[in-house]
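Novice: Take a look at the letters that make up each chain.
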Amino acid sequence: MQEPTFLILTALAAEPLHGYAVIGKVADLSDGRVTLRAGTLYTALDRLTAEGLIDVVREEVVDGRHRRYYALTPPGSSRLTEEAARLRSNATHALRQLRLGGLGA
Amino acid sequence: MTPLERRYRILLRAYPNAYRDERQAELLGVLLDSAPKGQTRPAPREAIDLVCSGTRTRLRTLPTVTVAGGWCDVAAIAILGGPPLLAALLLIHSNGSAATIAVAISLFIGAVCLVVRRPPAASVLHVCGAVGFLIGLLSGWIDSHAFAGLTLFVIGVTLLHLIPSMWVRCYRLTGTGRRGTSIRTGILVAGVAAGVSGASPILGFLMVIPTAASQIAFFMLRMPLSLKLGFIARMAAATFGVMIGVLVVLPSGLPNPAENGLAFASGAGRAALGTIMVLLLMVWIDGRIQRRWVSWRRQSAPTPT
Chain W
213 MQEPTFLILT ALAAEPLHGY AVIGKVADLS DGRVTLRAGT LYTALDRLTA EGLIDVVREE
273 VVDGRHRRYY ALTPPGSSRL TEEAARLRSN ATHALRQLRL GGLGA
Chain A
2 MTPLERRYRI LLRAYPNAYR DERQAELLGV LLDSAPKGQT RPAPREAIDL VCSGTRTRLR
62 TLPTVTVAGG WCDVAAIAIL GGPPLLAALL LIHSNGSAAT IAVAISLFIG AVCLVVRRPP
122 AASVLHVCGA VGFLIGLLSG WIDSHAFAGL TLFVIGVTLL HLIPSMWVRC YRLTGTGRRG
182 TSIRTGILVA GVAAGVSGAS PILGFLMVIP TAASQIAFFM LRMPLSLKLG FIARMAAATF
242 GVMIGVLVVL PSGLPNPAEN GLAFASGAGR AALGTIMVLL LMVWIDGRIQ RRWVSWRRQS
302 APTPT
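If you read the sequences in order, they're chains W and A.
If you count the first sequence from 1, position 58 lands on 270 in the working numbering, and the numbers rise without skipping.
If you count the second sequence from 1, position 112 lands on 113 in the working numbering, and the numbers rise without skipping.
These are computed hints drawn from the structure, not numbers from a lab.
Each hint should be verified, as a subset may be incorrect.
What the hints assert, rightly or not - Which chain A residues face chain W? A few, computed with CB under 8 Å, are given here:
| no. | residue |
| --- | --- |
| 1 | GLU27 |
| 2 | LEU33 |
| 3 | THR58 |
Stated by the list, open to error - Cβ-Cβ distance ranges computed for the label pairs, FRET-style:
| no. | chain 1 | residue 1 | chain 2 | residue 2 | range |
| --- | --- | --- | --- | --- | --- |
| 4 | A | ARG57 | W | SER301 | 28 to 34 Å |
| 5 | W | GLN309 | A | ARG14 | 49 to 55 Å |
| 6 | A | ARG46 | W | ARG270 | 29 to 35 Å |
| 7 | A | ARG57 | W | VAL274 | 25 to 31 Å |
| 8 | W | MET213 | A | ARG57 | 15 to 21 Å |
Remember, predicted model here, so these are calculated numbers, not experimental data.
Note that CB positions come from ideal geometry on N, CA and C, so glycine has one too.
Please construct the entire structure, taking both the sequences and the accompanying hints into account.
Specialist: So, in structure tokens, the structure goes:
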């Protein structure tokens, strides 16, 4: 799973968000490293929806702007859990190996 | 509508119409929300991202309606592609040309891709084949026999393209499901067999095909491309148009620029003009075929429950 995808799923883990809020949250989560652009975001949202990992939960119109709220589906949650576990295991191994070499903190 | 919104709307045209009907309002909302206050033009990176994402969406949402499907059809296309490939190999012996083989192979693989439901790949390969053909033509690698056969062929294609409803009717006549597939496969195989038996090796190379029966085989192959809605399929159709344009306007190729610069320039100009005309014509015709196809599908589709 690529980092933007991972971050989008993470952004949706706590609560349903609309597109613009996802961009903001992904920027927060990545400490400003990943700035999603609208086109890229929607390509990812379409793909994740097609894969059944996220779903539209409600729509509303605010100040004339059409908003759709996306949320993780149960398969999406388990996929994100798996991916997080994988990343944690990789990180743990990396730190351990660094310590073995006497290079890490 | 603010100037920024208008400009975003123009950029959003990179997306397919159906997609925009559904998502444009939402996407536009996100774009306008993200824009800093007072901005009147989209940021260049945002613009590039939109165009790229739009194009990607177009590629992804190309419908995969194919006339053929299943191994039975792959076999039929292999038979259809086989003779050109074989004849290309024969050509290497007679007046060797790497270009002809490249063309034959790419058209052949393109045909197979089409059958195994990979329309974008098929279209790209058809475009490559056509470009290879043009290069071969302009550099004199494709000989005059091949040239004459090809001219006849492309004129035939153009004529048949002028009757868009015929394509859809042909398809409807053969029916749907397994039976339809077998009938179309049968037509392909019969056409190819007739073409191969009637053609000399050189003419056989021209997928292209001098006999009427084998022309039908080729048209059956060309049809699914027309029925595919989408930008790339139209591009592929248009490249066939380019071939026709050049052939019709310049039946004997371009004169040598070193001998007669003026004739070369005017020939190249006419070829370019003819190409543009035929290109527009082909794109238009394919559009008509596709619209008829879609309206037929809509009529015949079972009502969703």
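Novice: Compare the structure with each hint and give your call.
Specialist: Right, here's what the structure says about each hint:
1. For GLU27(A), the suggested interface contact is upheld, since its CB lies about 5 Å from the closest CB of chain W, less than 8 Å.
2. Hint status for LEU33(A) relative to chain W: holds, with the closest Cβ pair at about 7 Å, below 8 Å.
3. Proximity of THR58(A) to chain W holds as hinted, the smallest CB-CB distance being about 7 Å (cut-off 8 Å).
4. Distance hint check: the CB atoms of ARG57(A) and SER301(W) are about 32 Å apart, consistent with the given range 28 to 34 Å.
5. Taking the beta carbon of each, GLN309(W) and ARG14(A) are about 51 Å apart, inside 49 to 55 Å as hinted.
6. For ARG46(A) paired with ARG270(W), a C-beta distance near 31 Å keeps the hint of 29 to 35 Å intact.
7. Checked against the hint of 25 to 31 Å, the pair ARG57(A) and VAL274(W) passes, with Cβ atoms roughly 28 Å apart.
8. The hinted window of 15 to 21 Å between MET213(W) and ARG57(A) holds, with their beta carbons roughly 18 Å apart.
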